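Novice: Chains as they are written, first to last, in our numbering: chain A, 1 to 551; chain B, 1 to 551.
No lab work stands behind these hints, which were simulated from the structure alone. Computed from a predicted model, the values in this text were never measured in an experiment. Heads up, a few of these hints could be off.
The list cannot tell twin chains apart, which means a pair is met if one copy fits it or any two copies do.
Computed cross-link-like contacts, EDC-like style, restricted to lysine to aspartate or glutamate with a CA-CA straight-line distance of at most 20 Å [claimed, not checked]:
{"id": "1", "residue 1": "Lys17", "residue 2": "Asp30"}
{"id": "2", "residue 1": "Lys267", "residue 2": "Asp253"}
{"id": "3", "residue 1": "Lys549", "residue 2": "Glu482"}
{"id": "4", "residue 1": "Lys548", "residue 2": "Glu483"}
{"id": "5", "residue 1": "Lys232", "residue 2": "Asp472"}
{"id": "6", "residue 1": "Lys180", "residue 2": "Asp248"}
Number of protein chains: 2
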Amino acid sequence: MVRIDFQTSPELYNHWKLDFDGPVATVTMDVDPESGLVPGYELKLNSYDLGVDIELYDAVMRLKFEHPEVKVVLLRSGKDKVFCAGANIRMLSQSSHNHKVNFCKFTNETRNTIEVAQDDSDQTWVCVVNGTAAGGGYELALATDYIVLIDDNASSVSLPEVPLLAVLPGTGGLTRVTDKRKVRRDRADIFCTLEEGIRGSRAVDWRLVDETVKGSALEERLGELTAEFAGKSNRPDNAAGVKLPPLDREFTDDGVRYSTLEVEVSKETGVATLTVKGPTQDAPADGDAAAAEGAEFWPLRLCRELDDAILHLRANELTAGIWSLKTEGDPARVLAYDALLEKGQENWFLHEVFSYWKRTVKRLDVTSRTLIALAEPGSCFAGFLAEIMFAADRSFMFEGTEEGDNRHEAELTLSAANFGPLPMANGLSRLETRFLGEMESFESAKAATSQTLSAVRAAELGLVTDAFDDIDWDDEVRIMLEERISFSPDGLTGMEANLRFPGPETMETKIFGRLTAWQNWIFQRPNAVGEDGALLKYGTGVRASYDKKRV
Amino acid sequence: MVRIDFQTSPELYNHWKLDFDGPVATVTMDVDPESGLVPGYELKLNSYDLGVDIELYDAVMRLKFEHPEVKVVLLRSGKDKVFCAGANIRMLSQSSHNHKVNFCKFTNETRNTIEVAQDDSDQTWVCVVNGTAAGGGYELALATDYIVLIDDNASSVSLPEVPLLAVLPGTGGLTRVTDKRKVRRDRADIFCTLEEGIRGSRAVDWRLVDETVKGSALEERLGELTAEFAGKSNRPDNAAGVKLPPLDREFTDDGVRYSTLEVEVSKETGVATLTVKGPTQDAPADGDAAAAEGAEFWPLRLCRELDDAILHLRANELTAGIWSLKTEGDPARVLAYDALLEKGQENWFLHEVFSYWKRTVKRLDVTSRTLIALAEPGSCFAGFLAEIMFAADRSFMFEGTEEGDNRHEAELTLSAANFGPLPMANGLSRLETRFLGEMESFESAKAATSQTLSAVRAAELGLVTDAFDDIDWDDEVRIMLEERISFSPDGLTGMEANLRFPGPETMETKIFGRLTAWQNWIFQRPNAVGEDGALLKYGTGVRASYDKKRV
Numbered sequence: 001m002v003r004i005d006f007q008t009s010p011e012l013y014n015h016w017k018l019d020f021d022g023p024v025a026t027v028t029m030d031v032d033p034e035s036g037l038v039p040g041y042e043l044k045l046n047s048y049d050l051g052v053d054i055e056l057y058d059a060v061m062r063l064k065f066e067h068p069e070v071k072v073v074l075l076r077s078g079k080d081k082v083f084c085a086g087a088n089i090r091m092l093s094q095s096s097h098n099h100k101v102n103f104c105k106f107t108n109e110t111r112n113t114i115e116v117a118q119d120d121s122d123q124t125w126v127c128v129v130n131g132t133a134a135g136g137g138y139e140l141a142l143a144t145d146y147i148v149l150i151d152d153n154a155s156s157v158s159l160p161e162v163p164l165l166a167v168l169p170g171t172g173g174l175t176r177v178t179d180k181r182k183v184r185r186d187r188a189d190i191f192c193t194l195e196e197g198i199r200g201s202r203a204v205d206w207r208l209v210d211e212t213v214k215g216s217a218l219e220e221r222l223g224e225l226t227a228e229f230a231g232k233s234n235r236p237d238n239a240a241g242v243k244l245p246p247l248d249r250e251f252t253d254d255g256v257r258y259s260t261l262e263v264e265v266s267k268e269t270g271v272a273t274l275t276v277k278g279p280t281q282d283a284p285a286d287g288d289a290a291a292a293e294g295a296e297f298w299p300l301r302l303c304r305e306l307d308d309a310i311l312h313l314r315a316n317e318l319t320a321g322i323w324s325l326k327t328e329g330d331p332a333r334v335l336a337y338d339a340l341l342e343k344g345q346e347n348w349f350l351h352e353v354f355s356y357w358k359r360t361v362k363r364l365d366v367t368s369r370t371l372i373a374l375a376e377p378g379s380c381f382a383g384f385l386a387e388i389m390f391a392a393d394r395s396f397m398f399e400g401t402e403e404g405d406n407r408h409e410a411e412l413t414l415s416a417a418n419f420g421p422l423p424m425a426n427g428l429s430r431l432e433t434r435f436l437g438e439m440e441s442f443e444s445a446k447a448a449t450s451q452t453l454s455a456v457r458a459a460e461l462g463l464v465t466d467a468f469d470d471i472d473w474d475d476e477v478r479i480m481l482e483e484r485i486s487f488s489p490d491g492l493t494g495m496e497a498n499l500r501f502p503g504p505e506t507m508e509t510k511i512f513g514r515l516t517a518w519q520n521w522i523f524q525r526p527n528a529v530g531e532d533g534a535l536l537k538y539g540t541g542v543r544a545s546y547d548k549k550r551v
Numbered sequence: 001m002v003r004i005d006f007q008t009s010p011e012l013y014n015h016w017k018l019d020f021d022g023p024v025a026t027v028t029m030d031v032d033p034e035s036g037l038v039p040g041y042e043l044k045l046n047s048y049d050l051g052v053d054i055e056l057y058d059a060v061m062r063l064k065f066e067h068p069e070v071k072v073v074l075l076r077s078g079k080d081k082v083f084c085a086g087a088n089i090r091m092l093s094q095s096s097h098n099h100k101v102n103f104c105k106f107t108n109e110t111r112n113t114i115e116v117a118q119d120d121s122d123q124t125w126v127c128v129v130n131g132t133a134a135g136g137g138y139e140l141a142l143a144t145d146y147i148v149l150i151d152d153n154a155s156s157v158s159l160p161e162v163p164l165l166a167v168l169p170g171t172g173g174l175t176r177v178t179d180k181r182k183v184r185r186d187r188a189d190i191f192c193t194l195e196e197g198i199r200g201s202r203a204v205d206w207r208l209v210d211e212t213v214k215g216s217a218l219e220e221r222l223g224e225l226t227a228e229f230a231g232k233s234n235r236p237d238n239a240a241g242v243k244l245p246p247l248d249r250e251f252t253d254d255g256v257r258y259s260t261l262e263v264e265v266s267k268e269t270g271v272a273t274l275t276v277k278g279p280t281q282d283a284p285a286d287g288d289a290a291a292a293e294g295a296e297f298w299p300l301r302l303c304r305e306l307d308d309a310i311l312h313l314r315a316n317e318l319t320a321g322i323w324s325l326k327t328e329g330d331p332a333r334v335l336a337y338d339a340l341l342e343k344g345q346e347n348w349f350l351h352e353v354f355s356y357w358k359r360t361v362k363r364l365d366v367t368s369r370t371l372i373a374l375a376e377p378g379s380c381f382a383g384f385l386a387e388i389m390f391a392a393d394r395s396f397m398f399e400g401t402e403e404g405d406n407r408h409e410a411e412l413t414l415s416a417a418n419f420g421p422l423p424m425a426n427g428l429s430r431l432e433t434r435f436l437g438e439m440e441s442f443e444s445a446k447a448a449t450s451q452t453l454s455a456v457r458a459a460e461l462g463l464v465t466d467a468f469d470d471i472d473w474d475d476e477v478r479i480m481l482e483e484r485i486s487f488s489p490d491g492l493t494g495m496e497a498n499l500r501f502p503g504p505e506t507m508e509t510k511i512f513g514r515l516t517a518w519q520n521w522i523f524q525r526p527n528a529v530g531e532d533g534a535l536l537k538y539g540t541g542v543r544a545s546y547d548k549k550r551v
């Protein structure tokens, strides 16, 4: 199997163009039909595959880090009379179930990252729909903050998946229609069954878009809009951007080695071990010093590398069903970085890094793999880095050390970062979610902030699942991993998706929980993917034939 | 195919026994292994199939209506050393996908109805777990308000579905563990992968049960508990119960005729038409007079008949993918009943009827069929009855009348019942949900309470999807139905499940949205249902073999 690589950069883009004009950046989608990620389909009409989205994600992140001056992003199509036709159908119909699901997850996460640009980075995305925005094309528009629809006979928005393909819009469309744009439910029902979609003033009346504009008045109106949104942004005018160079990354026979992270995949046991390496230098003095370090700044390197590792493992290591999450390094140094990040949120760069970390741990949360945190001697789970422990399904801590091991005992230190600024998709911090049923445990954990907690103490406080000493550690960990790997991967995926998100729900949890699960179900149903199903029959001139029984 | 009948009564029960002792009723589960609903499996160890659950649902409803004096319900097992082994595995492995999904939906709804007994009827359910409560057995316990676990070597609670069967607990177990009992997430993870389950004090520490008690002290402790819960209940001491006689129901070649409801199923078009008939008598003067009418009281008859019709159509008419919802009768009479119900909530009987209506419309909400409300001349959508219009995916109202038709024009009247006391599963009223994005429309609708709204006015207010006059009505309705029936049933099921529940989420929406969708997905996966999957291999001595790829 060819390895899917999630790294790229603007000079390598096949499908996107970036232009800059002071506080306004223009991101132009101009998909090259011949440059699909794998052979077998043509990316006509600005339809996309995973490769197109990998470039988009790269662009979104560069706009945040390399362009602090950009306050408004215009998302436009480079094609005439078509904004975007959505995910490529031939690509979908030739893809495995795994690939379809993984593709949808990544595109969903990229849409979320666009929304974060507004929420965290004060960068407003404005989408200009010229021509058709169909399916994933409209879902891309839905991820932006403001949708301008050209008022002509050709421009429309639609979600034609159900009538045309017997599947659901795969990138949050239904949820964003009902919960973000709050379209009345019967109108949403009509809209989602209308192949040709909706245009003109009706699209505005139904809140599917924010405004329509005649083609002739477009550029002037965009000038007004970008000026208005730019005026409201607090992004710095004159800060220097931080370049994101290629990752320091080496693929080996059994994994990947990054500068702050080592990934080892055992094909034999089905366990991938991710070991985060703590900082080897002291934290810089302040935000400016951190920005001067640029992409070398340890937390940013870690974010980028962990992000890449998660995406790589999800896409390319399907049988690695368990990820064991480890750290090694000096907890004091981690805490110094933690303090810098936490206190320096006024600084745009530190703010971006923290926001990136928030997204990266959320990526862990929605990863369909069992996550086990193992805190061993020499580890450095502390502050923001401890969030990966709290993202795990289970966590174990080593009590004491083994004879002859001169590394420090495993310890855990909480900081303010664990109590609010890094929420899960449900809007709560991971510790609040963990202790939903025991406020007193939550308060005890909070009171223990800044204390160096031993394994025994962390277990008493309920911060880890269990603590074992050197007599039991190896056996306990081995038995747990062996047992886990013997279970059905699908059963585990469903179970984890439900157990990880107690408490409140948000648009984000709805998309990854409810909507994704229904889509996955439909992606298994003969009416969609069977020989006579809609995906294979699409474009053949032959109608799909459906089993009419409702489930 | 044999028709599944949801009607029964205690003298016909195969699996349950009811005993009464003043304010305490005891519901004893004692499943007859030989009395499965269909041949092919034995219901050993108090395992259950749909037939067992149909009787349980009947018992729950009779406890509410026939026994106003019952304040506490003890749920016990009639078997030695086993409480309940959950859904019968052989039944599951021989069932069609449709049946499995429909079975889980009904059992879920019955568990919700048990929870409503506490919330609405002030009847506390106490579950006594003697022996194993495994899978659906523990899920049944989870639906009660208080779980007592015998402290011995045999009594335990478990959710062994993932390790044993490669499926999820199908009756809300995961969600109730995390959201109702708020078990810490890593403990929930351990619990849900532990075949043998958890017993004794650990079950209390982890909040899986409320208390443990030694077998020798059990009856004394139950005496204390029931006295305590009974003391807190406001149910009346001396009211006469309302008997629930067999339904006035006749199956015909193309449907079912009830006293307040006619159901016609067109095999040809795939449309089932449900016509509710308004009251033919004036409403009684007050709650006592209503209770004196007993099961003849029009709203109660309607509830029971609509409830039965929904369950019948779901289970027995799988290809009827569209339900067209109609009413006919005198709106003024409906409104008189509405006023009686709404103002008489202090009366236990009216309160029970209203609560039953709330549950019945919720059953519509989670029904996997397209719901279309058609308000024609002579119809009586008003007050609480209009909720079935607001439950529909789309609604059309006839403007004016056809020449020669001497029925009254279609009209709609809102009442206080539409603004709070009949919430959806998301906790909001259907109108609040409808107008989530337009508070001004919500306020306008509220201001129009008690007004007789014409089709045009109702459409202006956004209360119906559209209004058509006699020139367009037939074509518009026909085209809409034809188009709908041409779509993939699975696509529609997924779409409707997402569009119907905007806004906040609750444990109930999580169970029917997120959890159900994941379970349905898993029920399609070879690892669970394939030839080498866990469901078919269970009990054969041969291990299931799994495709290890994570999705």
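Novice: Give a verdict on every hint.
Specialist: Hint check results:
For the homomeric pair Lys17 and Asp30, the shortest alpha-carbon distance inside one copy (7 Å) is at most 20 Å, but the shortest distance between copies (70 Å) is not. Taking identical chains as interchangeable, the C-alpha atoms of Lys267 and Asp253 lie at most 20 Å apart only when both belong to the same chain, with a minimum of 11 Å there against 60 Å between chains. In this homomeric assembly, Lys549 and Glu482 come within 20 Å of each other (Cα to Cα) only across copies, at 16 Å, whereas the closest approach inside a single copy is 41 Å. Proximity of Lys548 and Glu483 under a CA criterion of 20 Å is satisfied inter-copy only: 14 Å between copies versus 41 Å inside one chain copy.
For a Cα distance limit of 20 Å, the shortest separation of Lys232 from Asp472 qualifies neither inside one copy, at 58 Å, nor across copies, at 49 Å. For a Cα distance limit of 20 Å, the shortest separation of Lys180 from Asp248 qualifies neither inside one copy, at 39 Å, nor across copies, at 46 Å.
Violation of the numbered hints given earlier is confined to hints 5, 6; the remaining hints are satisfied by the structure.
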